[in-house]
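Generate coordinates for the entire structure from the input sequences, incorporating the hints supplied.
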Amino acid sequence: MFPWDKFPFDNDLKDKITKMKPEEINNYVQDIMGKIMPANMKGVMNPQEMFKGFQSSVSPQEPTRSILNSTAFETHDFVYVRIPIKKEEWVKQLRIFHTANQLIVEHIPQHEDKHTIILPAIVKKKGATATFKDHMLEVKIPKNVDMQFSQIDVTEIS
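In our numbering, the protein residues as written are 37 to 194.
Keep in mind that the hints were calculated from the coordinates and are not lab data. Predicted model, so just to flag it, every value in this text is computed and none were measured. Some clues are possibly wrong.
The calculated label-pair distances, taken between Cβ atoms and stated as ranges, are [what the hints assert, rightly or not]:
1) M69 x D113: 21 to 29 angstroms
2) K162 x D189: 31 to 39 angstroms
3) I68 x V190: 23 to 31 angstroms
4) N62 x M172: 53 to 61 angstroms
5) D170 x H147: 21 to 29 angstroms
6) T152 x Q184: 20 to 28 angstroms
7) I68 x P145: 51 to 59 angstroms
8) T152 x P178: 44 to 52 angstroms
Heads up, the beta-carbon is just placed ideally off N, CA and C, and yes, glycines get one too.
Have a look at this one:
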C-alpha cells in the first residue's frame, strides 16, 4: 500500500483551502514544493525567475526580408498552395518539401531564404505535384483521410 498518511493532507484540507486567500495558497504551495524539490529546482516554481536568464541572452531576430504571398486551401480530396512567382528564373532555383502539415519553400527570392506554409489539412506523403503557369506556382497535395477516432469519456468530479 502507498503511505498516504505520510503526506501533509488533513481531513479538513478542503475547508482550509476554500477559506484561504490567493496569497496564502501560493505560500502554501511554495512551502510544500520547497520541501519536496531540491534547492536547485526552486526557480522553476516562479516563471519570472526561471526565464530571467533567457531574456538577456536572446537577441531579437531579424524579420524575414520578404514574405511569400501564398494562399493555401483545401477541397474534398486535395490541399492546394498557390504562390505568385515574380521572376521565371525562380522556378529553376526553388526547392519544395512538405511534411504532414507544412509546405517548405526554399531558395526564393534569395538563395538562403526558407519559407514555411502551414497546410489547412493533413496530407499524404506521396502524390504531390507542382505546376507553374502565368507566374503562379500551384502545389497540389492529396489529403490524408484519417478516420481513426478515439472516444474520450467525461467523468463528473464533485
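Structure-based check of all given hints:
1. Distance hint for M69 and D113: a CB-CB separation of about 52 angstroms, inconsistent with the stated range 21 to 29 angstroms.
2. Checked against the hint of 31 to 39 angstroms, the pair K162 and D189 passes, with Cβ atoms roughly 37 angstroms apart.
3. Roughly 30 angstroms separates the CB atoms of I68 and V190, a value that falls within the hinted 23 to 31 angstroms.
4. The given range of 53 to 61 angstroms is respected by N62 and M172, whose C-beta atoms sit roughly 57 angstroms from each other.
5. Between D170 and H147 the CB atoms are about 25 angstroms apart, so this pair conforms to the stated range of 21 to 29 angstroms.
6. Distance hint check: the CB atoms of T152 and Q184 are about 26 angstroms apart, consistent with the given range 20 to 28 angstroms.
7. One distance hint, 51 to 59 angstroms for the beta-carbon pair I68 and P145, holds here, with the actual separation near 56 angstroms.
8. Taking 44 to 52 angstroms as the suggested C-beta distance range, the pair T152 and P178 does not conform, at roughly 20 angstroms.
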